[in-house]
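Residue numbers (our numbering), protein chains in the order written: chain A, 1 to 273; chain W, 274 to 546; chain F, 547 to 728; chain R, 729 to 910; chain V, 911 to 1295; chain Y, 1296 to 1680; chain E, 1681 to 1758; chain L, 1759 to 1836.
Just so you know, the hints here were simulated from the structure itself, not pulled from any lab data.
Be a bit skeptical, because a hint or two may be false.
To be verified - List of simulated lysine-lysine pairs, DSSO-like, C-alpha gap at most 30 Å:
#: 1; chain 1: Y; residue 1: LYS1342; chain 2: W; residue 2: LYS482
#: 2; chain 1: V; residue 1: LYS954; chain 2: V; residue 2: LYS1096
#: 3; chain 1: R; residue 1: LYS852; chain 2: R; residue 2: LYS896
#: 4; chain 1: Y; residue 1: LYS1456; chain 2: A; residue 2: LYS42
#: 5; chain 1: Y; residue 1: LYS1546; chain 2: Y; residue 2: LYS1456
#: 6; chain 1: W; residue 1: LYS525; chain 2: A; residue 2: LYS252
#: 7; chain 1: V; residue 1: LYS1234; chain 2: V; residue 2: LYS1179
#: 8; chain 1: Y; residue 1: LYS1648; chain 2: V; residue 2: LYS1287
#: 9; chain 1: E; residue 1: LYS1723; chain 2: R; residue 2: LYS889
These figures come from a predicted structure and were not determined experimentally.
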Amino acid sequence: MAFEYEKYIRKGTLPHIWCPGCGHGIVMKSLLRAIEGLKLDKNDIAVISGIGCASRLPGYLDMNTLHTTHGRALAFATGIKLANPKLKVIVVSGDGDASAIGGNHLIHAARRNIDITLLIFNNSIYGMTGGQVAPTTPIGAYASTMTYGNIDPPFDIVRLVEGAGATFVARTTSYHTAQTEQLIKQAMTHKGFAVVDIIDACPTYFGRKNAPKEAYDMMQVQKDNSIPLQIAQKKKPEELQGKIITGIFVKKEMPEYTDTYYNTIIPKAMGSK
Amino acid sequence: MAFEYEKYIRKGTLPHIWCPGCGHGIVMKSLLRAIEGLKLDKNDIAVISGIGCASRLPGYLDMNTLHTTHGRALAFATGIKLANPKLKVIVVSGDGDASAIGGNHLIHAARRNIDITLLIFNNSIYGMTGGQVAPTTPIGAYASTMTYGNIDPPFDIVRLVEGAGATFVARTTSYHTAQTEQLIKQAMTHKGFAVVDIIDACPTYFGRKNAPKEAYDMMQVQKDNSIPLQIAQKKKPEELQGKIITGIFVKKEMPEYTDTYYNTIIPKAMGSK
Amino acid sequence: MEKNIEIRLSGEGGQGLILAGVILASAALIDGKNAAQSQYYGPESRGGISKSEVVISTGDIIYPEVADPDLVLVLSQVACGPYTKDIRRDDAYVIFDANTVKEFPKLEHGRIYKLPFTMTAHDKLGKPFIANIIALGTIVGLTNVVSREAIEQAVLARVPKGTEELNKTALSEGFELAKTIK
Amino acid sequence: MEKNIEIRLSGEGGQGLILAGVILASAALIDGKNAAQSQYYGPESRGGISKSEVVISTGDIIYPEVADPDLVLVLSQVACGPYTKDIRRDDAYVIFDANTVKEFPKLEHGRIYKLPFTMTAHDKLGKPFIANIIALGTIVGLTNVVSREAIEQAVLARVPKGTEELNKTALSEGFELAKTIK
Amino acid sequence: MGKKALLLSGNESCVEGALYAGLQFYAGYPITPSSEIAEGLSRKLPKYGGVMIQMEDEIASMGAIIGASLAGKKSMTATSGPGFSLKQENFGFACFNEVPCVLVNVMRGGPSTGAPTGPSQGDVMQARWGTHGDHPVVAIAPNSVPEILTETVRSFNISEKYRVPVILLLDEIIAHMRERVILPEKGELEVIDRLKPTVPPDQYKPFDISNTPMPLVPPMAAYGTGYRFHVTGLNHRTDGFPTNNGELIEKELLRIMQKMAMYKKNMLKHEEYMLDDAEIGIVAYGSTSRAAKYAVNVLRSEGIKAGMLRYITIWPFEEEAVEKLAEKVKFIVVPELNLGQLILEVERCARGKASVYGVNRVNIEIIHPHEIIEKVKELLHGIRV
Amino acid sequence: MGKKALLLSGNESCVEGALYAGLQFYAGYPITPSSEIAEGLSRKLPKYGGVMIQMEDEIASMGAIIGASLAGKKSMTATSGPGFSLKQENFGFACFNEVPCVLVNVMRGGPSTGAPTGPSQGDVMQARWGTHGDHPVVAIAPNSVPEILTETVRSFNISEKYRVPVILLLDEIIAHMRERVILPEKGELEVIDRLKPTVPPDQYKPFDISNTPMPLVPPMAAYGTGYRFHVTGLNHRTDGFPTNNGELIEKELLRIMQKMAMYKKNMLKHEEYMLDDAEIGIVAYGSTSRAAKYAVNVLRSEGIKAGMLRYITIWPFEEEAVEKLAEKVKFIVVPELNLGQLILEVERCARGKASVYGVNRVNIEIIHPHEIIEKVKELLHGIRV
Amino acid sequence: MAETQKKAEEKPKEKHTIKIIEDRCKGCEICVVYCPEDVLAMKDTIVSVVNLDKCTACMRCELFCPDFAIYVDLPEKH
Amino acid sequence: MAETQKKAEEKPKEKHTIKIIEDRCKGCEICVVYCPEDVLAMKDTIVSVVNLDKCTACMRCELFCPDFAIYVDLPEKH
Ligand SMILES: Cc1ncc(C[n+]2csc(CCOP(=O)(O)OP(=O)(O)O)c2C)c(N)n1
Ligand SMILES: Cc1ncc(C[n+]2csc(CCOP(=O)(O)OP(=O)(O)O)c2C)c(N)n1
Ligand code: SF4
Ligand code: SF4
Ligand code: SF4
Ligand code: SF4
Ligand code: SF4
Ligand code: SF4
Ligand SMILES: [Mg+2]
Ligand SMILES: [Mg+2]
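Please build the complete structure, drawing on both the sequences and the hints.
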């Protein structure tokens, strides 16, 4: 075997529950390769998720795992990280989980710059509940709660978290397995809140009402529509319409929250009467 | 009387509950002048707020007013606007109300570009509950829940809502009464979601633990620290440390949500069988 | 037929059991009868155990699920255990897919049949997913719980455009299978 | 003193009534007694009705608020109505600020005094906000509910650094006022 | 049977009921097993000129429907357990301010995320007590697909007529089940709209009952109609403005509760099945009542005089119905798809006059008639388990 | 009285209790009248090496303390009504996954925003039923400032020992009141820590009870200690993984409830005051019980044989205490700062053996002893109001 | 600078008065501090006019007062 | 291009096999479509190897399979 994924997977949990062709499985593999690349001990990794198809991921991982409530993974993760700063904390979210109901925790985690890596499995739809519109669904796309085509302008997750203060922000697609692996590695190495927006495919529900329908075709679209940031920067806005710009958008050093707490507040408090 | 504020104020409701020197009253006056300037009928204005000192404002206005739950004003306002699109809808929020507990509704209203004007009375603190840290409190400032000085990096509200997709974003201070009036007017004229971040002063609680303490001194700081955007753009980042950059940051035309719903979805639905 | 007819279609997610149940219930309505259709499925999008139940009656339907099965269809191995254990009547039909079910549960009651729905779907029609419609044909052929016209009309009303002929053929295949055991 | 002593300090927000109550209760603790202090204030930061109640006892304090007032202090007009109506004892002290209260409620019970706390604070000490401490001095002077040492110690422990002298003077002024009516 | 019979799911039937009742605004957030309500309305509501919006979460959805209702539109939201919990704060706002609206809760297996596709009746007590503070509540639990339609209409009617939010408590079984429904013609069912004020705008107070044709129910103006009023979640006076005056606070709270007491009889609804000569009482609601009815039939066929009291309106709880029942039966059995919730009310109202026993299940299956039958027989033969 | 007596508010006393009990993580969101707890911990908790964080809202606060508890730290949050409503969804997660933590709810006037500085006991039923689905709950309601300290310690102990979230229900009166408190020395009060697993990591299952010294209570590993386990809000098996198997689902839910039943007696606590020969029973809790005790004294002094049953642990409800009381008294009076909540449980458990009457107030004032006294006299003289 | 303010400053110094609503004044001193002409002063905890003659009707006091307590009463209708 | 992928491509074409875990394969066809050498094909609803010889061990099937169902079994330990 070229890569021993099973080393990180809980025995007896495969096959997973995802549909044929669901991109979540592809991203999961990229995540595992990234973890392997960082040579981390499974005991030191905590993986937390909310609710949704993507959020079923932690259950498969042989690590410290927690499957919380819809949208709230970052809040639980904040508690875990602050309670045990030596844990490497990864949050796995669907786009709905992270940016719809979970939007507030997203921007606040970004603001605090707490050392959590957030992976958004962004398939532009609510998979788990059957294809309702998400805050990431493109204008005009069909969804079970957008019978006449979506009129809600989608978030640009990258700009959203950047505006909220995130110190590491990147984007890739499930098709770009190597880039995903690399970006996750860099995100996990970054000290502070790091977000990777991973454009992903839900053939079952996004595909049901939109074209293309097949998983492999959806991956092809990811491939064809992607433009690396360096190239995109040289293009005009019109040329970037509908494109997926990939790469690292933000990477900056700022005090990390857990660190500041333990190294500033506690000493100050202990010093004062 | 130079300006007849009372025309817009409900009889018998003054004096208001705000503390001596609280900036909320100054901003309220700027708001009333802006409304007068737009020659709007009081019957056609709805003013909605959450909970907090700032959120007590609607009660004083002789308009359609609603004082909701903490952080949720934009959600209620969205229902009002969609139910009766001819209403001019203004949401009045404290910084905590808008960006702490209400952060999710803030970014989603921005994303939707719904025709609501949001005024954030940004005094960098939770006034109503007694001076706890807010997501806008500067690093190092003291608050009743930041005994050893604040370590939570604050939001830049302008960047946050810009990142979320807002189509009109401006900043001013309670000191700049004329600019506040003008910006509110422009925000209200803008078709879409418009945010005015108004740097404001809470002498009682922000002043209690930080310098300066007096309302007039806090206003002086607002004055001295403000730099208009056009000038700021010519300065280096270092020179802008701790400065309040004022002016209009974003102003762009995008389809407005209510409009799109009534003019796209409904006709489509009625047309289809 | 005074008593309610209680039918359970079981198998796993992806086999079109819910659709089959809905079609059967619609057919009952077309015949002027009353029907209640219900289902269970898990969160897995594929492979999870699943069932669809239809109760058909000329009068009111009090209990809307299968309380005392008249017919149980089993299209997959996972469904065998849980969904056949409440068969209490000797005249109840228990119909297994002979291709997908390998180990058959020991049953104390019921008339047991093993029919090649999946194989028929695959070999004769070239579409494995059509086994549900074939099974419907067999059920109606066997029990006359609804009229042949009604089931045909109901199938055509609910299947995707362009697949009408295929589905009609599938139904007929089901009726043929019913004849083999009647 | 076997019975609890029940004291109510009333007025409006900003008059320092809560602080006064806390000081009085602390003084009781210094004397080795038991005390319970409670308060009510509205959301207005200024002008809203407000009260602070202190129950002092050598034994357990069962009901922690004023059930049967021994002393009611009224420092503002708004507090007159609501906070004097439950006075049931003829020997209860009812002390109004003669400067801030203009209309006095008609009371059936109690020993009623009107004392110039605000004026004393303003004219003699130049600090209107110190009326609360003056009133405390008067209360202790009148009732001996706590010792003079205890109240002095309690005041000094709770007032801002640098205002110790001012507060001590204020207390003395209060004791003086008490003498005028004793 | 002149009109066409449709095979509808419970959720679809709810959509039809809401449209029939005049729904004009829906805001929701998807959650199994309620999502088909939003999906159906996404397609149908704009055909009626109404607005359907998917909000960012359940909290926002509840806020939006309150806003829309205050702006004069009949409003609804739908959810399931986790979302029901999230809506509680704003739901309390609606209760307190007497804002008409309908909150559909399609119950699923709990607690927490539980079993999203599993049936349950686990939120019955939450419907009564889920938000903080004392507040009026109406909760209605139909037991069939056609009844969902008529009870949805009744929910809107109660909500509008008495200015009280109504919770429509469905369970996953009937929400997802399909049954025959005949859509009512226009005029066939009563449709009630809220009372409008008759006083001129400058005399209008949103909670004033001195000028209402319906005692204790204040007429309700809509934002944007020239009536400029204030609404707050703080304790308020009849003019809608906040107050700290304890007397006024209590008066207003009591008025709302008295309103509920006064009209309670108009909100209540129950079904009695073979109760006349019953010696054994079964108290049930929702899908479980269908197993109970089946059980009654079986028991009767075996000569056991069982009868069923089915609550259609669960809250306010019709205490008298249990009191009466307890007087005459040997014992009462309460089957519920939870660990015993409404049984507490049954026990309370039985006042010791009849023993009360539960039949409970939380294994995400519907209660089977045989379980009820066995329980009754067991109790009859004096065997306690 | 060797140790120094401090004048502390109830909220300050709660801070001292939590620190004494070993609190290591606090997450909260400010709300009157609970904020002083967060403020006190902001100053004191880091002195103990613990973390105090103000989160973006109450939902996040509840989530964070669950996370921290799973990472092995004793955790707490504090709020009031509106925040209590918001925390319900995540609170249910903690109940279901048996995550030790303490949720302080300082009750204020409700419903909705209500009267933020007004006292209330309006969330008593919400504490039991606020989240969806069936779930275990412990709620404790002290009645004095010193008791807040000891009951906070007891809350942590129960929570840790039995793996159950505990709600500490304070009311605004005792939270803001100041009384004399003597801080306990180290060792003076018992402090209990959760059971740690004894099996090696590869055999560990987070809800497995086959290897526990305390029947039905699974030992609890912490994240990051080599025990790699899974926790989910879905219905799960003993190994923590989700399941759709109805039998397993029911088994696990019943186990949690059985655990509560088994240890209920260890969680219960009540005070009996002059009950031995009582002819009139007063059932009370929280600040109201102090008015009740005062009333008992006054009534006794007038020759009326009244007595008080005070619930300190409210949930689980000690049914037997009321049952016993109902057997011997003429009637029971239940004073509450709400419109009648715990009285429903009292009524239920009295089983008709004694009539039960409420004394209720929602005018944001504490109940006065005289109101109770008058009610008792009125009832004694046969006058019903 | 916005209209209201500009208008006020350009205005010729006509006869006008400063109106103080004492019930509303909370004594924050903002008007006193920001009056460019020292027209106002605190008297106890409330503001009062001490030098009306110097007043230029610049409107600052009115614009800044958070409490709707001070108005510049211009003679002509605006 | 990331390490894993590069490494695989540079590798000399040694003897290797494609391992398919049939229980896991959900028949999404991704591996079939993205195999550059047409090594794979669908057989019923499951993938199968039809032309191992052409396989270059490029790893794409393994990288892309969402179901952990197909692996390139390289002879040497990695
Ligand atoms: C409080 C709450 N609201 C709603 C739901 C229902 N729900 C479950 S997952 C989900 C959205 C899933 O979409 P996404 O997060 O994009 O993940 P995906 O399934 O697409 O991977 C929703 C709305 C829930 N479980 N809890
Ligand atoms: C759900 C809920 N949580 C908390 C509170 C308590 N609360 C009331 S106002 C407020 C914050 C006020 O700060 P801000 O919004 O900045 O307004 P300001 O008072 O400073 O004008 C808080 C936390 C509440 N009322 N409801
Ligand atoms: S529904 Fe969509 S997101 Fe969910 S498993 Fe299936 S393909 Fe993936
Ligand atoms: S507390 Fe602060 S924000 Fe609130 S009224 Fe006082 S000064 Fe203004
Ligand atoms: S108008 Fe200008 S000059 Fe006149 S009092 Fe006011 S601030 Fe002073
Ligand atoms: S600004 Fe207004 S409130 Fe402040 S002192 Fe002047 S008049 Fe009074
Ligand atoms: S390794 Fe490459 S060439 Fe070989 S089967 Fe996989 S995709 Fe095809
Ligand atoms: S990619 Fe994986 S699951 Fe899909 S067909 Fe190939 S082996 Fe099967
Ligand atoms: Mg998604
Ligand atoms: Mg603020």
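Okay, the hints, checked on the actual structure:
1. Y:LYS1342 / W:LYS482: 21 Å, holds
2. V:LYS954 / V:LYS1096: 17 Å, holds
3. R:LYS852 / R:LYS896: 13 Å, holds
4. Y:LYS1456 / A:LYS42: 29 Å, holds
5. Y:LYS1546 / Y:LYS1456: 22 Å, holds
6. W:LYS525 / A:LYS252: Given that 30 Å is the threshold and the Cα spacing comes to 29 Å, the pair holds.
7. V:LYS1234 / V:LYS1179: 15 Å, holds
8. Y:LYS1648 / V:LYS1287: OK: LYS1648 of chain Y and LYS1287 of chain V at ~28 Å, within 30 Å.
9. E:LYS1723 / R:LYS889: 27 Å, holds
Of the numbered hints given earlier, the model fails none.
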